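Asks: The primary structure of each chain is shown beneath.
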Amino acid sequence: MRKVYLDNASATPLLPEVRQAMLPFLGEHFGNPSCLHEWGDAAREGLESARSQIADLIGVTDTEEIIFTSGGTESNNFAIKGLAMGQQAKGKHVVVSAVEHFSVLNSAQTLEKWGFEMTTVPVDRYGLVDPQEVKKAIRKDTILVSIMHANTEIGTIEPIKEIAKITKPAGIVLHTDAVGTVGTLPLNVRDLGVDALSLASNQFYGPKGAGALWVRRGVRIIPLFDGGVQEGGRRAGTENVPAIVGMGKAAEIAKGAMAERAQRLSALRDRLLTELPRKIERVIVTGHPQERLPGHASFCVEFIEGEAMIMLLSSQGVAVTSGSACTSRALKASHVLIATGLTHAIAQGSLLLSLGVDNTAEDVDYVVEVLPPIVDRLRQMSPLYDKYIKQTKGGR
Amino acid sequence: MPVYSEKVMEHFMHPRNVGEIENPDGVGEVGNPVCGDMMTFYIKVKDNKLEDIKFKTFGCGAAIAVSSMVSEMAMGKTIEEALTITPKSVADELEGLPKQKFHCSNLGAQALHKAIEDYYSKQKVGGKK
Numbered sequence: 001m002r003k004v005y006l007d008n009a010s011a012t013p014l015l016p017e018v019r020q021a022m023l024p025f026l027g028e029h030f031g032n033p034s035c036l037h038e039w040g041d042a043a044r045e046g047l048e049s050a051r052s053q054i055a056d057l058i059g060v061t062d063t064e065e066i067i068f069t070s071g072g073t074e075s076n077n078f079a080i081k082g083l084a085m086g087q088q089a090k091g092k093h094v095v096v097s098a099v100e101h102f103s104v105l106n107s108a109q110t111l112e113k114w115g116f117e118m119t120t121v122p123v124d125r126y127g128l129v130d131p132q133e134v135k136k137a138i139r140k141d142t143i144l145v146s147i148m149h150a151n152t153e154i155g156t157i158e159p160i161k162e163i164a165k166i167t168k169p170a171g172i173v174l175h176t177d178a179v180g181t182v183g184t185l186p187l188n189v190r191d192l193g194v195d196a197l198s199l200a201s202n203q204f205y206g207p208k209g210a211g212a213l214w215v216r217r218g219v220r221i222i223p224l225f226d227g228g229v230q231e232g233g234r235r236a237g238t239e240n241v242p243a244i245v246g247m248g249k250a251a252e253i254a255k256g257a258m259a260e261r262a263q264r265l266s267a268l269r270d271r272l273l274t275e276l277p278r279k280i281e282r283v284i285v286t287g288h289p290q291e292r293l294p295g296h297a298s299f300c301v302e303f304i305e306g307e308a309m310i311m312l313l314s315s316q317g318v319a320v321t322s323g324s325a326c327t328s329r330a331l332k333a334s335h336v337l338i339a340t341g342l343t344h345a346i347a348q349g350s351l352l353l354s355l356g357v358d359n360t361a362e363d364v365d366y367v368v369e370v371l372p373p374i375v376d377r378l379r380q381m382s383p384l385y386d387k388y389i390k391q392t393k394g395g396r
Numbered sequence: 001m002p003v004y005s006e007k008v009m010e011h012f013m014h015p016r017n018v019g020e021i022e023n024p025d026g027v028g029e030v031g032n033p034v035c036g037d038m039m040t041f042y043i044k045v046k047d048n049k050l051e052d053i054k055f056k057t058f059g060c061g062a063a064i065a066v067s068s069m070v071s072e073m074a075m076g077k078t079i080e081e082a083l084t085i086t087p088k089s090v091a092d093e094l095e096g097l098p099k100q101k102f103h104c105s106n107l108g109a110q111a112l113h114k115a116i117e118d119y120y121s122k123q124k125v126g127g128k129k
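Here the protein sequences line up with chains A and B, keeping their order. To convert, note that position 22 of the first sequence is 22 in the numbering used here; the numbers rise steadily by one, no gaps. To convert, note that position 16 of the second sequence is 16 in the numbering used here; the numbers rise steadily by one, no gaps.
To be clear, the hints were calculated from the coordinates, so they are not data collected in a lab. Given the structure is predicted, the values throughout are model-derived calculations rather than measurements. There may be inaccurate statements among the hints.
[Said to hold, decoys possible] Take a look, some chain A residues computed to stay more than 10 Å from chain B by CB distance:
hint : residue
1    : 28
2    : 45
3    : 115
4    : 232
5    : 282
[As the list claims (entries may be wrong)] Selected chain B positions facing chain A (in silico; Cβ < 7 Å):
hint : residue
6    : 18
7    : 21
8    : 24
9    : 30
10   : 56
11   : 57
12   : 58
13   : 59
14   : 98
15   : 102
[What the hints assert, rightly or not] Mimicking DSBU-like on lysine-lysine, the simulated pairs with C-alpha atoms at most 35 Å apart in a straight line are:
hint : chain 1 : residue 1 : chain 2 : residue 2
16   : B       : 122       : A       : 3
17   : B       : 54        : A       : 390
18   : B       : 54        : A       : 393
Glycine included, C-beta positions come from ideal geometry on N, C-alpha and C.
Construct the entire structure; sequences and hints are all you get.
Replies: Structure follows, in structure tokens:
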């Protein structure tokens, strides 16, 4: 059976060159990068090259501004809590959007328990944050704004540059969760105008367990962990050297390959975005039709539920994901889909197809062929589809 | 490691008794799309036995497998026997359900019992004729 992996938003495959680069650090270069002997030197060399590779990918010249973490969740926790704590002398109000990743939203909620206040800015039906809404949310005591660069559930790319034009004159620290875009789209932190940015290795063909937070020099951040003085005293704990080395290599490859990858994947994505709604009635494209991540196609299929679609697609060799309540362990519909104004019933039919470097046009053809009968099969079982048919088509 | 048991997968992939009954003796509808799952059961009763059962389900894999299993467990049984089917006995027959799915998706027995209640209430009305 054909196997088609369309869940690159959840995890990307490790590139062979990346695995190769990591191997010595799982072998002879096992040393602790904080140590002053040969073994330490080798590990430190791997770590510092990775720091340069990451800096290079996001347009940073001062490599000390890069702090390695265990991934996107830690970077976001560190940014939200650490930056808020670092600026609290100036005020205790933070602003986030309604579609942030849980590692941002829940961190901001933790800040509330610590005596901070939070304002959540809404999004439009495409999941876009209106910079004017950010402006409205800002108060005299606002110290931090965090808006994601691209939403990994609906693919929408947010107008960060426009938001920076509001936060910068107000002297407010601007953080962006760029886990969805770093290594996928060319970006430069100065150009974006942000003060801090989160990224994660496993979104651009690096290993899991590595990420980074870039914080502009001069912006105060309080560490999450107490311990040694690794990462310039900002992140205690021995670095995950093999994973970070892999992330560095993946960043280096991404820098050269991103533009071509994005072009090719956008074309495949556009075929999914046009073909599936053409072949299946009552399908809603979620997220922005144009301002979206390359390779990211997301939908809500009405009258049926996402997990059931995932399972039937899986039986045909196709791997996808969904933001339906039944798919989530929390059994709640995706807050992102609800924030875009979709009802819970429609959000239940969420389906996310995320393409990666290994996907081909044949993969897209295969999905376009196997999905419609699956939808039909589930709709034949659905009491909601029944009602729709009886109402609109005058019964059977 | 798969999330669902082989039995759940088997019922999900090949659900029994999907559909509707024309002029059913009882209909039971439970759940709503907000919480996730919705099930409608249709029954036909003859000589106090469930002569036919059909269902329609909007929901996840577990919800579909549960509906199918309940229909199979109750088919041909007396009403009293059918009323002894519980969420627990359904989950046991399915060789277990994931913990988080036990309450939300395991509405099949409830839907069947509602269809039986509906049958009873129709009987009372009909008996007065």
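Asks: Against chain A, run the beta carbon of residue 18 of chain B and see if the smallest gap drops under 7 Å.
Replies: Check passed: Cβ of residue 18 of chain B comes within 5 Å of chain A, closer than 7 Å.
Asks: Verify the interface restraint on residue 57 of chain B: the C-beta must sit less than 7 Å from at least one C-beta of chain A.
Replies: holds, 6 Å
Asks: Mind checking the alpha carbons of residue 54 of chain B and residue 390 of chain A for me, to see if they're no more than 35 Å apart?
Replies: Distance of about 18 Å is within 35 Å: holds.
Asks: Quick one, are residue 122 of chain B and residue 3 of chain A close enough, alpha carbons at most 35 Å?
Replies: Answer violated: residue 122 of chain B to residue 3 of chain A is near 52 Å, above 35 Å.
Asks: Beyond 10 Å from every chain B Cβ: check whether that's true for residue 282 of chain A.
Replies: holds, 14 Å
Asks: At 10 Å, judged by beta carbons, does residue 45 of chain A keep clear of chain B as stated?
Replies: Its Cβ never comes within 10 Å of chain B, the nearest being 39 Å, so this holds.
Asks: Taking the closest pair, is the beta carbon of residue 115 of chain A still more than 10 Å from chain B?
Replies: holds, 33 Å
Asks: Hey, does the residue 102 of chain B contact hint survive, CB to chain A under 7 Å?
Replies: violated, 11 Å
Asks: Checking hints one by one. Is residue 59 of chain B an interface residue toward chain A, by the C-beta closer than 7 Å rule?
Replies: holds, 5 Å
Asks: With a cut-off of 7 Å, does the beta carbon of residue 30 of chain B approach a beta carbon of chain A closely enough for the hint to hold?
Replies: violated, 11 Å
Asks: Interface hint check: residue 56 of chain B, Cβ to nearest Cβ on chain A, cutoff 7 Å. Holds or violated?
Replies: This hint holds: residue 56 of chain B lies near chain A, its Cβ roughly 4 Å from the closest one there, short of 7 Å.
Asks: Min Cβ distance, residue 98 of chain B to chain A: is it shorter than 7 Å?
Replies: Check failed: Cβ of residue 98 of chain B comes no nearer than 9 Å to chain A, outside 7 Å.
Checked against the numbered hints above, the structure breaks hints 7, 8, 9, 14, 15, 16 and satisfies the rest.
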